[in-house]
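J.: Read off the chains here:
There are 2 protein chains.
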Amino acid sequence: MPPAGLPGLDHQTLAGAGNGLRHLSVWRQTIAAGAATPAHRHDCEEVIVVASGHGELHVEGRVYRFGADCTLVLPASVDHQLINTGSEPLHLIAALSMAPVQVLTPDGRALPLPWQA
Amino acid sequence: MPPAGLPGLDHQTLAGAGNGLRHLSVWRQTIAAGAATPAHRHDCEEVIVVASGHGELHVEGRVYRFGADCTLVLPASVDHQLINTGSEPLHLIAALSMAPVQVLTPDGRALPLPWQA
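Heads up: the sequence lines are chains B and Y, in that order. Residue numbering for the first sequence follows numbering that gives the first Met the number 0, starting at 0 and increasing by one per position. Residue numbering for the second sequence follows numbering that gives the first Met the number 0, starting at 0 and increasing by one per position.
Derived from the structure by calculation, the hints contain no laboratory data. Just so you know, these numbers come straight off a predicted model, no measurement behind them.
Far from chain B by the CB rule (all over 12 Å, computed), these chain Y residues: (1) Gly4; (2) His10; (3) Ala35; (4) Val62; (5) Gly66; (6) Gln101; (7) Leu110; (8) Trp114.
Chain Y stretches covered by chain B per the calculated footprint, using a threshold of three residues with CB under 8 Å from any CB of chain B: (9) 16-22; (10) 37-48; (11) 91-97.
Beta carbons: idealized from backbone N, C-alpha and C, even for Gly.
Please model the complete structure; the sequences and the hints are all you need to start from.
T.: Structure below.
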């Protein structure tokens, strides 16, 4: 069910703090056509494996276009945003080197998540 | 190309130390029907997302059967082995909270990897 605060984003925590992990979380997400994550950052490293769909990764003013089977690598603490620019759902798996995952807005405020991170 | 030392195991490092990461590595692996990883452990947490296929996870004497869309969660430093018990290739993505990844045999020796970890 899409969380109210993040329209177009379907989230599943595959593994994380709820499984006793302290340094690793793995999420499965689907971004609907035309939808996007908010701009945000994590104080941990992140790797996104794109299963299907097309999109753009915006990182500190730069735009990277990607498609299925691309891997996106994000160093810790860089602001980023994922946008589904295609006409199909964007399916991805994200691995983060933190559990639970904290999400910060570009101005440093904590972004409450509508799921157990 | 299957590495000579690990027959039946096809490996791709999607992200890791070669990308500047220090706390996160993501691998894509295929285990051929009937093949298995050696028993091994890492001094880091690991999450395995099974894309397709069937297999067994052996963890310190226990056996867990899994199939497609299962997620396997391994705490740090537990000996484990993945076995493809099906008739099709076993496709998976593994995330590890370490870069580069060190692999140890159950008796604590470093297991040299035939790929850049």
